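Asker: Chain by chain, the residues run as shown.
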Amino acid sequence: MKTKLTLAVAAAALATGAGSAQAENLTLCWAAWDPANALVELSKDFEAQSGHTMSFEFVPWTSFADRMLNELNSGGRLCDLMIGDSQWIGGGAENGHYVKLNDFFDANNISMDDFIPATVTGYAEWPKNTPNYWALPAFGDVVGWTYRRDWFERPALQAEFQETYGRPLDVPATLEELKDIAQFFQGRDIDGTTVYGAAIYTERGSEGITMGVTNALYNYGFQYGSPENPYELDGYVNSPGAVAGLEYYKELYDTATPPGSSNWYMGENIDAYRSGQVAMQMNFAFIWPGVHADPNVGGERSGYFPNPAGPEGQFAQLGGQGISVVAYSEKQDAALEYIQWFAQPEVQAKWWELGGYSALRSVLEDPGFADSQPYAQTFLDSMAIVKDFWAEPSYAELLLAMQARVHDYVIAGNGTAQEALDGLTEDWTEIFEYEGKL
Amino acid sequence: MTDTPITRVAKATPEPVARRIRGLSDRAIAWIFVAPTLFLLLAVNIFPLIWTIRLSFTDFRVNRPNRDAEWVGLENYQRILSDSDIWNTMQATAHFLVWTIVLQVLIGFTLAYLINKKFKGNDLWTTIIVLPMMLSPAVVGNFWTFLYQPQIGLFNYAVGFLTGVDPASFSMIGDVHLAPWSIVIADTWMWTPFVMLICLAGLRSIPDSIYEAAECDRASKWRQFWTITVPMVLPFLMLAVLFRGIENFKMFDLVVQLTGGGPGSVTEVTSINLKREAFEKWRTGYSSAYAVILFVTVFGLASIYVKALNKVKQR
Numbered sequence: 001m002k003t004k005l006t007l008a009v010a011a012a013a014l015a016t017g018a019g020s021a022q023a024e025n026l027t028l029c030w031a032a033w034d035p036a037n038a039l040v041e042l043s044k045d046f047e048a049q050s051g052h053t054m055s056f057e058f059v060p061w062t063s064f065a066d067r068m069l070n071e072l073n074s075g076g077r078l079c080d081l082m083i084g085d086s087q088w089i090g091g092g093a094e095n096g097h098y099v100k101l102n103d104f105f106d107a108n109n110i111s112m113d114d115f116i117p118a119t120v121t122g123y124a125e126w127p128k129n130t131p132n133y134w135a136l137p138a139f140g141d142v143v144g145w146t147y148r149r150d151w152f153e154r155p156a157l158q159a160e161f162q163e164t165y166g167r168p169l170d171v172p173a174t175l176e177e178l179k180d181i182a183q184f185f186q187g188r189d190i191d192g193t194t195v196y197g198a199a200i201y202t203e204r205g206s207e208g209i210t211m212g213v214t215n216a217l218y219n220y221g222f223q224y225g226s227p228e229n230p231y232e233l234d235g236y237v238n239s240p241g242a243v244a245g246l247e248y249y250k251e252l253y254d255t256a257t258p259p260g261s262s263n264w265y266m267g268e269n270i271d272a273y274r275s276g277q278v279a280m281q282m283n284f285a286f287i288w289p290g291v292h293a294d295p296n297v298g299g300e301r302s303g304y305f306p307n308p309a310g311p312e313g314q315f316a317q318l319g320g321q322g323i324s325v326v327a328y329s330e331k332q333d334a335a336l337e338y339i340q341w342f343a344q345p346e347v348q349a350k351w352w353e354l355g356g357y358s359a360l361r362s363v364l365e366d367p368g369f370a371d372s373q374p375y376a377q378t379f380l381d382s383m384a385i386v387k388d389f390w391a392e393p394s395y396a397e398l399l400l401a402m403q404a405r406v407h408d409y410v411i412a413g414n415g416t417a418q419e420a421l422d423g424l425t426e427d428w429t430e431i432f433e434y435e436g437k438l
Numbered sequence: 001m002t003d004t005p006i007t008r009v010a011k012a013t014p015e016p017v018a019r020r021i022r023g024l025s026d027r028a029i030a031w032i033f034v035a036p037t038l039f040l041l042l043a044v045n046i047f048p049l050i051w052t053i054r055l056s057f058t059d060f061r062v063n064r065p066n067r068d069a070e071w072v073g074l075e076n077y078q079r080i081l082s083d084s085d086i087w088n089t090m091q092a093t094a095h096f097l098v099w100t101i102v103l104q105v106l107i108g109f110t111l112a113y114l115i116n117k118k119f120k121g122n123d124l125w126t127t128i129i130v131l132p133m134m135l136s137p138a139v140v141g142n143f144w145t146f147l148y149q150p151q152i153g154l155f156n157y158a159v160g161f162l163t164g165v166d167p168a169s170f171s172m173i174g175d176v177h178l179a180p181w182s183i184v185i186a187d188t189w190m191w192t193p194f195v196m197l198i199c200l201a202g203l204r205s206i207p208d209s210i211y212e213a214a215e216c217d218r219a220s221k222w223r224q225f226w227t228i229t230v231p232m233v234l235p236f237l238m239l240a241v242l243f244r245g246i247e248n249f250k251m252f253d254l255v256v257q258l259t260g261g262g263p264g265s266v267t268e269v270t271s272i273n274l275k276r277e278a279f280e281k282w283r284t285g286y287s288s289a290y291a292v293i294l295f296v297t298v299f300g301l302a303s304i305y306v307k308a309l310n311k312v313k314q315r
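These protein sequence lines map, in sequence, to chains A and B.
Quick note on full-length UniProt numbering: the first sequence kicks off at 1 and runs consecutively.
Quick note on full-length UniProt numbering: the second sequence kicks off at 1 and runs consecutively.
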């Protein structure tokens, strides 16, 4: 009996190719969120085609950077493939954590021209704007807005808004309009429940408030540095426009957000929106499939719009990630096979169908894409206006400095916006001086 | 002449094994048993401590394997001790430490005193009171985050009910003045039972005969409390303070869950700040110096305290 069983297992292994010399068990590391579940589903095709098996290591966003950067810094071999945050690219490249993919791309006819330029720059290149690739754009993401269309369309509210602001209650075109709408809903009674204007990012511990406030700062004139010298910060980071942007965000927080929302990020914003607490929520686009499918707020009850324009332009904070091969992996060949498979247009099309946001142009530029989902057009519009945070090897220090300075002003109410941004300029200058870049 | 334990063991051991053991001295056998523990202690505690001290004099960064670490002498220590942000975190830690200990000792002792009275159901009450300390601090942090919610939180509702203030008008974890207290309250809720249990052990160790003798001497209840109860429970109470002090100096998960160190940096205690320096900014050398300073502080204060505790016990 035992012999029969062994033979049967061996035969099955041979039939599936699992017994071949190249068959590997690859581990892919990413954050624990909805798109990761979609990727598990998608990867079943890879397993069937290649004979490799896939394991997944997903960590919640709040501890994702801690866990995975520890893994990389210690030369850990847990992850063969890493969908690391876009800001990690500089460190991943300079510290030798990621395999450089240029030769592999050339050998396999994978062209970065086939991907949306912003995602190539944001997720794959280091140094930025040079053709040195350390990742394949894997998941396009951007901060945008979700709103309660069913509330916006109520005649009584429309009439009151029109009377108060002299324009219809509709998707805001500017950040000032967004603030008006948020303030209009703040503390309002809707169907017997007190509701609030907007859920915005305010989280202190990881990256939350930075990912939120930049959506105002960019549009009011904040720049990371001089166009001639990226490390020349004074007058750009703390420009009068940047100060106005920071003041705008504080006013939005003070006058149009739910009480107690002083430490909110993606999860809290989703909860507030889905429980009917807020009229609008700021959040990364990855949540839209979930909102659309939600029995309480989904379908026609919700709409989506890109981050509105400010006086100095219209930008939105880039999210999303590229997929890299970890340099410490002993299964790099199999990991590269996965990337080769993942880059195929038909796989990317299925990725979008399953809820993953493809960055491949053939998927996004398909004539049917904009109508494929109610949020597809907003995703396209948003991806066209993205800007990203520093991707320097020292990005964590840069990020934490910004978190502290901005939270201290916006949430704790300490000092002025000018002082906060002057302080941030000093912090960042000190970091770049230490790095030898100044 | 009586046999020593070793000789007895040797006699009882079968011949081939006994021959091998007979060749070893007591000291050698002792070393064989102690060596694994000693090795573990050296590997897990002493070596990392020495390595940390060494790193604290360098500018090493663990995320920069391509960059050589340079010897910087006392620069890290100098930077830490002159950094106003770090002094602010020390201040936040001190505030948290002092108030949690004061409240936990007062409430814990009072509860122990009440529970120690013989009444029906006191075992059940003890169990109920002890429940919070059985939870994980991260769970407690999450739990209190909901309690502090202005719209739905029970805490805000209770405060509103008692004072007439609108529960949605204040945020315990979002207000710069209230946030430190939100942590003190949650920690006190969680750890007062621990202090209570230690005090209860102290109270129950006092023989009834002492109180009976005091009764014979017509000492008032108040006098009995101050001259018998308090002095005899004091060593237990001091032990509780020592445990809570060391634990709260390292407080991390509860604060992270509740406030994440905010608003601003008002609740950023030293453990959170150290973690940021070491594992988010990856300033390994700098954070090693920081850890050494904290270690020396806790070790020094605890040593002084233990000496005082021993004096109290000897009285």
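Hints are computed from structural coordinates only; laboratory data are not their basis.
Quick caveat, the model's predicted, so the values are computed rather than measured.
C-beta: ideal position from N, C-alpha, C; glycine also.
Watch out, some of these pointers could steer you wrong.
Away from chain A, derived, C-beta distances all over 10 Å, residues of chain B [as the list claims (entries may be wrong)]:
hint : residue
1    : 25
2    : 62
3    : 173
4    : 174
Dumping the calculated DSS-like pairs for lysine-lysine here, alpha-carbon to alpha-carbon at most 30 Å [said to hold, decoys possible]:
hint : chain 1 : residue 1 : chain 2 : residue 2
5    : B       : 250       : B       : 117
6    : A       : 331       : A       : 350
7    : A       : 437       : B       : 275
8    : A       : 250       : B       : 275
9    : A       : 250       : A       : 44
10   : B       : 117       : B       : 313
Asker: Honestly, which of those hints from before does the structure not fit?
Answerer: 2, 3, 4, 5, 9
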